[in-house]
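Chemist: If you want the building blocks of each chain, they are given just below.
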Amino acid sequence: MNHKCERCGKPATVHLTEIFGDQKVEKHLCDQCAAEEGSAAKAYVPIHQLLEDFVLRGDSREDDTTCDVCGMTYAEFRKAHRLGCPNDYEAFAGQLAPQLAIVHEGACEHIGKVPHRAGGDQQKQTAVLRLRAQLKRAIAVEDYERAASLRDQIRETETS
Amino acid sequence: MTLTELSRHTGQWLRSGGPAGEVVISSRVRLARNLAGLPFLGRSTRSHQRELEQRLWLEILDSGVLGDGGFYVDVDAAGQLDRELLVERHLISRHHADGESPRGVAISADETIAIMVNEEDHIRIQVLRSGQQLDAAAAQINAIDDKLDERLDFAFHGKYGYLTACPTNVGTGLRVSVMLHLPGLTLSGAIDKALRAAGDMHLAIRGLHGEGTAATGDFFQLSNQTTLGKTEQQIIEEFTDEVLPSFIDYELSARDGLSRRQQALIDDRIFRALATLKAARVMSTREMMSLLSMVRLGVNIGKIGDVSLDTVNDLFLLAQPAHLQKMLGRTMTSDERAAARADYIHKRLGVA
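Residue numbers (the working numbering), protein chains in the order written: chain A, 11 to 170; chain B, 322 to 673.
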C-alpha cells in the first residue's frame, strides 16, 4: 500500500482518517504538505527519537568542552547520549540549557520535590566527585600515600 | 519466592481489573535516582558498579520498602529465559534485560513494586497498579522515595532537580505511563486522530513493552515526555484530569457508535476471534494479542459471558514466549512454542 502524497506526488508518510458526519475520508500526504495543512504532528514519538533529536541539535563547535570531574567531553555525550557524572550539568550548562527547554516544554528549572537529607547539598556532592576522580588517578599511578589521604578526605567531606 | 513460582500465575496486581479497567489496563509511575558523589553508570568501572549494586540491594531490602516477601534478582547472573520472563511481567526494561553490567531488580511479593538497580540510572523505582490508579501509585512511590532518601544521598541540583544520566529524565525523574486498550478507536478508524492529539499533549506513545516496540492488538502506552518544570502532582494531574478522561471518553463513544451502527460487524469480529483461539493448532504471540484484544472487548461489552476477564488477562501474560517455556520447563523453538501456545489457550478456554 504505497500511497503518494495527494498534493505533490512524493511518497506519502502521513496517513489520516478523518470523520465528517457519516463520511470517512482517508488522506495521504508527505511530511511537508502535512505540515502545511496543519496536521503534521506525528502520532508516534518514541523517547529515543526525542533524545537523538536532542543530541543532534547541539552545536558541534562546542564539542571539546570537558567536565573536569569525570573527564567527559561534550562530543562524547553526543555520541553516548548519556552524561558521565552529575557535574556534567554544570560543565555543559551552556549547551544543555537551551536544549532542555526544547525537550521540556520551555521549562529549565525544577519546581518539584526536594530531597530531605541535608547531606545532599550540591557543593559537597561535587567536592566528593572531584576527590573520587583524584583517588582513581592516584591508584592508577600507584601513589598509595596520596590515595590514603584522599580516602580520608572523602570520608570527612561525606560526614561533615 | 522464585521466578519459576512467579511464572505460574499473573501478578496479583493484574488479577482483578482495576477502576476504568475496560479501557485502562494499568497505571505505572517510575522515578529515576542517582547517588550523589558518584559518576553515572556509563563512567564507572565494573568493580565499582558491582560494589554499588551490592550496597543498593542491601539498603533497599533493609529499608523495608518492599514489605513482607520482597526479594532481589541478580539480573546479571540470571539466565536468558528468566530475564525475558521479567520483561514480559513488566518488572524490568528491555534495556535492563540486555545489559552487561552488574545489575538487578528488587521486587515486592505482589509485584506492584520493582526497583531496578544499575539500569540507566543507579536506581529506578517503579510502582504498577491495575486500571486507573495513578493517585494511589503516585502516593506509594513518593513514600518509597522518602524512605530511601533517609538512607541514601541522591544527586540533586538546585536548578535542575534530580540529576539523571539522560537529560530527558532530569528534574522530577518521574515518568507516568498508562496502558490503554483502544479497540473501538482502532476499528472506527479514529485512532490516528486520537494519537495525534496525544502527541500534541507532549505524550510519547509506545507499544505493549515500552520503548521501541510497536503497538500490538490495540494496546497503546502513553507517557509524559516532560520531567522538568512541573511538580510531580502536576504531571500526575495532567493524566488523571485531562489525558485519561478524554481517552476513556473517546474509546467508549467509539465502542458505543460501533455497536449501534455496525453491530453485526463487531459481533462477527469478536466471535471469529474467540473461535480462532479455540480452534487454531498453532498461534504466534502477535496473532494471539490481536485476537485476545477482540475477546477482551467482547467480555467488556457483555457479548461474551463464558470467559472471564481474569482468564483473558492470564492468557495475555502466561502464553508469552518466556512464560510458556518456564511453565513447560524447557526451551522451545518458535514453532514448538506456537503449538504449545495454541494448546494452552484451548485448555484455558475450556476446549475439550
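Take these hints with a grain of salt, some might be off.
Said to hold, decoys possible - Here are the simulated lysine-lysine pairs, BS3-like style, with alpha carbons at most 27 Å apart: (1) K668(B) to K624(B); (2) K599(B) to K514(B); (3) K134(A) to K624(B); (4) K20(A) to K514(B).
What the hints contain is simulated information worked out from the structure, not anything from laboratory work.
Chemist: Give me the numbers of the hints this structure contradicts, sorted from smallest to largest.
Modeler: Violated: hints 2, 3.
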